[in-house]
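*Asks:* Single-letter residue listing:
There are 2 protein chains.
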Amino acid sequence: MKRKALCGEAELTRITGQEESEMAKFMDVHSGFVGVSESQLRDAHEQDLAIEAAEGVHFERAWLDPDSGKVFCLSSGPSKEAVQRVHRKAGHPTDEIYELPIEVV
Amino acid sequence: MKRKALCGEAELTRITGQEESEMAKFMDVHSGFVGVSESQLRDAHEQDLAIEAAEGVHFERAWLDPDSGKVFCLSSGPSKEAVQRVHRKAGHPTDEIYELPIEVV
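In order, the protein sequence lines correspond to chains A and B. No gaps in the numbering here: position 30 of the first sequence is 30 in my numbering, and each next residue is one more. No gaps in the numbering here: position 89 of the second sequence is 194 in my numbering, and each next residue is one more.
Please keep in mind that the hints were generated in silico from the structure rather than gathered at the bench. Misleading hints may appear alongside valid ones.
[Stated by the list, open to error] Covered by chain A, per the in silico footprint, the following chain B stretches (three or more residues, Cβ under 8 Å):
{"id": "1", "region": "161-172"}
{"id": "2", "region": "194-208"}
[Unchecked claim] When the alpha-carbon atoms are kept at most 27 Å apart in a straight line, the in silico BS3-like pairs for lysine-lysine are as follows:
{"id": "3", "chain 1": "B", "residue 1": "K185", "chain 2": "A", "residue 2": "K25"}
{"id": "4", "chain 1": "A", "residue 1": "K80", "chain 2": "A", "residue 2": "K25"}
{"id": "5", "chain 1": "B", "residue 1": "K130", "chain 2": "A", "residue 2": "K25"}
By construction, the Cβ of each residue, glycine as well, lies at the ideal position given by its N, Cα and C atoms.
Build the full structure now, drawing on both the sequences and the hints.
*Replies:* Laid out in structure tokens, this is it:
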């Protein structure tokens, strides 16, 4: 009886598409953005946002240090490869992508 | 006259301690945390939280990739050096700290 109830829940989750909790978080790092402006970073971020849905990815936030040229992007999605594909298609690929199963506040 | 007014504003800010908007954001990166658990990361984060006030720093969030051993900490504070001092005193120093004047959502 208990097992049946659990199966029902799993099925309900599948049917309603409530898979939010199955999404992993990722941080990716880009180098070489020395002197880039806020509007240039916004344009790059919007290129990701425009195509991310096809991969089930969402780029939540991006931070830039224009002195060192480092950019950090925080995203959620099904896999590291999916995050990488969005960045590659948007024209700013990186191989430095970390999955973040652990987060503390 | 104009100059006097500006001095007055600066003084008011100093007196009331309303320096929130003058805080910068930082991302720092640690390596070598392969296989670290959530509770170990939480302990390390709490060591920062316990002593950060003395430097006017706040560690907002930390993420860990236990496979690569990378940790990313997002903080706010008056300077990169202040962030570095807190981490050093808490026992997990890093030289890789980036100031993030630009953020997009």
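*Asks:* Decide, hint by hint, whether the structure agrees.
*Replies:* Now for the hints, and whether the structure bears them out:
no. : hint              : verdict
1   : 161-172           : holds (count 8)
2   : 194-208           : holds (count 6)
3   : K185(B) to K25(A) : holds (26 Å)
4   : K80(A) to K25(A)  : holds (9 Å)
5   : K130(B) to K25(A) : holds (21 Å)
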